[in-house]
Amino acid sequence: MKLKEISREELFRSSYGCAGCAAVLAVRLTLKVLGRNCVCVVPANCISTVSCYYPQTPFFVPMTVMAFAATGAALSGISAGFRRRGREDISVVGFSGDGGTADIGIQSLSGAIDGGYKFIYICYDNEAYMNTGIQRSGLTPYGATTTTTPAPCFETESKKDMLRIVAAHDIPYAATACTSYPLDFMQKVARANRVNGPTYIHVLAPCPTGWGFAPDRAIELGRMAVESGFWRLVELENGKLRTTHKPSRRRSVAEYFAAQTRFRQLSPEQIEEIQRNIDRRQAAGQAFSATG
Amino acid sequence: MKKSIPGPVSRAGNIPTRMGSWSTIKPVLKGKCNFCLLCWIFCPEGAISQDEGHRQVLFNNEECKGCGICVRECPTGAIEMAEPEQGERP
Numbered sequence: 002m003k004l005k006e007i008s009r010e011e012l013f014r015s016s017y018g019c020a021g022c023a024a025v026l027a028v029r030l031t032l033k034v035l036g037r038n039c040v041c042v043v044p045a046n047c048i049s050t051v052s053c054y055y056p057q058t059p060f061f062v063p064m065t066v067m068a069f070a071a072t073g074a075a076l077s078g079i080s081a082g083f084r085r086r087g088r089e090d091i092s093v094v095g096f097s098g099d100g101g102t103a104d105i106g107i108q109s110l111s112g113a114i115d116g117g118y119k120f121i122y123i124c125y126d127n128e129a130y131m132n133t134g135i136q137r138s139g140l141t142p143y144g145a146t147t148t149t150t151p152a153p154c155f156e157t158e159s160k161k162d163m164l165r166i167v168a169a170h171d172i173p174y175a176a177t178a179c180t181s182y183p184l185d186f187m188q189k190v191a192r193a194n195r196v197n198g199p200t201y202i203h204v205l206a207p208c209p210t211g212w213g214f215a216p217d218r219a220i221e222l223g224r225m226a227v228e229s230g231f232w233r234l235v236e237l238e239n240g241k242l243r244t245t246h247k248p249s250r251r252r253s254v255a256e257y258f259a260a261q262t263r264f265r266q267l268s269p270e271q272i273e274e275i276q277r278n279i280d281r282r283q284a285a286g287q288a289f290s291a292t293g
Numbered sequence: 021m022k023k024s025i026p027g028p029v030s031r032a033g034n035i036p037t038r039m040g041s042w043s044t045i046k047p048v049l050k051g052k053c054n055f056c057l058l059c060w061i062f063c064p065e066g067a068i069s070q071d072e073g074h075r076q077v078l079f080n081n082e083e084c085k086g087c088g089i090c091v092r093e094c095p096t097g098a099i100e101m102a103e104p105e106q107g108e109r110p
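Quick note, the sequences are listed as chains A and B, same order. Under my numbering, think of the first position of the first sequence as 2, with each following residue one higher. Under my numbering, think of the first position of the second sequence as 21, with each following residue one higher.
Bound conformation, chain A alone (with noise of 0.2 Å):
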């Protein structure tokens, strides 16, 4: 894929979210792939709030907003409509946040990739509830305040391992990407719509009002993610990992806490310590996504 063959035509446009939002970036991309023949379900997230303003649109194609926990389950539901019609041919793509995904959608989530019916989950991770004013979810990282994890105390779980729980559901394809390695993200969504199955794929996108940086850095701190360790660029097809990318250079974890405030209250000894897990990991050889 080139960035000149790539489909001019926009989709999804001129939304009301944030300026640099990278969330907005990840559905415009998508949709770049997916063309007008394409279904979107949307539950309660940044993109529905950011989207449902009567009589105005950004969307293209048709969508529909969703109860929160119900992505997977309208998901599979239009996907088996479809079928039924012998439609098969219109791809179905939920864009769900990183609470309606691991907190909140998840039993439908599990149900929806048991159930077997053709689709694309995309999970954008903005790493708390953000639309709501920025509480945590099961997706915030080791260390980030929240308003319901305030300074001088902060985030003390870990981030889930989507990707491992989608893979222990032996799931054909699922991905994570991030919206500042666009061809990388487009690709996967390519490779996705082309599996009959359900697929999922996890595009970390940085949140200018959430972590605290200026929008015009958007696409920068998801490079940062990436060459720190932080986050990592990977596909599992058919229970087989392969790394999609590699950065050609590192950067220290504590880089990329620095370009943001929710991280602000770390001591160096902590970021020390998450330093280290990351550089386990990574030694380890660890197969999935490693967060800190």
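Careful: at least some of the hints might be erroneous.
Computed list of lysine to aspartate or glutamate pairs in EDC-like fashion (alpha-carbon distance at most 16 Å, straight line) [unchecked claim]:
no.	chain 1	residue 1	chain 2	residue 2
1	A	33	A	10
2	A	5	B	71
3	A	33	A	185
4	A	5	B	82
If you only want the chain B side, here are some residues facing chain A, beta carbon under 7 Å, derived [as the list claims (entries may be wrong)]:
no.	residue
5	45
6	53
7	57
8	61
9	83
10	85
11	87
12	88
13	89
14	92
15	93
16	95
17	104
18	105
Which chain B residues stay away from chain A? Per the calculated CB distances, all over 12 Å, these [as the list claims (entries may be wrong)]:
no.	residue
19	48
20	49
21	50
22	51
23	74
24	76
25	102
26	103
Everything labelled a hint here was simulated from the structure, so no lab data went into it. For each residue, glycine too, the CB sits at the ideal point set by N, CA and C.
Once you've looked at the hints, dock chain B against the given chain A.
Relative to the frame of chain A, chain B by itself:
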């Protein structure tokens, strides 16, 4: 051939929102554009389009929120944030 699925169900005929008023400064092409399209792919709003004839990018000030991602990601540093001329402002 199968017909494609119907478009969005919206009585107003799917009017895109216009967020241009969020910011008074907008990206302006100051230097030479090498048409690498990095700003275009990274723009969250889809406010950048391509001028194939002149081989450069165009900015839609009506949709741009002025986040500045294009300025930071431009490899040649050709884009700058500036206040648009009178009359260009949305």
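- Query: Is the interface hint for residue 105 of chain B satisfied, with its Cβ closer than 7 Å to some Cβ of chain A?
  - Reply: Not OK, violated: residue 105 of chain B not within 7 Å of chain A, min 22 Å.
- Item | Minimum beta-carbon distance criterion (7 Å), residue 57 of chain B to chain A | Because about 5 Å separates residue 57 of chain B from the closest Cβ in chain A, which is inside the 7 Å limit, the hint holds.
- Could you check if residue 85 of chain B really has its C-beta closer than 7 Å to a C-beta on chain A? Nearest chain A Cβ about 4 Å off; hint holds.
- Interface hint compliance - residue 93 of chain B to chain A, C-beta minimum distance less than 7 Å: Nearest chain A Cβ about 6 Å off; hint holds.
- Item | Hinted contact residue 92 of chain B with chain A - closest CB pair below 7 Å | 5 Å, holds
- Is it true that the CA of residue 5 of chain A sits at most 16 Å from the CA of residue 82 of chain B? Violated: residue 5 of chain A and residue 82 of chain B sit about 25 Å apart, past 16 Å.
- Query: Does the claim that residue 51 of chain B lies off the interface hold, with its Cβ farther than 12 Å from every Cβ of chain A?
  - Reply: The assertion about residue 51 of chain B holds, with a minimum of 18 Å to chain A.
- Under 7 Å, Cβ to Cβ, is where residue 88 of chain B needs to be relative to chain A, so tell me if that hint holds or is violated. 3 Å, holds
- Return the status of the interface hint for residue 95 of chain B: holds when the least beta-carbon distance to chain A is below 7 Å, violated otherwise. Since the shortest Cβ distance to chain A is 12 Å, the answer is violated.
- Query: Minimum Cβ separation between residue 103 of chain B and chain A greater than 12 Å?
  - Reply: 17 Å, holds
- Item | chain A contact restraint on residue 104 of chain B - CB to CB distance below 7 Å | 17 Å, violated
- Item | residue 33 of chain A paired with residue 10 of chain A [C-alpha distance capped at 16 Å] | 7 Å, holds
Consistency with the previously given hints fails for numbers 4, 5, 6, 16, 17 and 18, ordered from lowest to highest.
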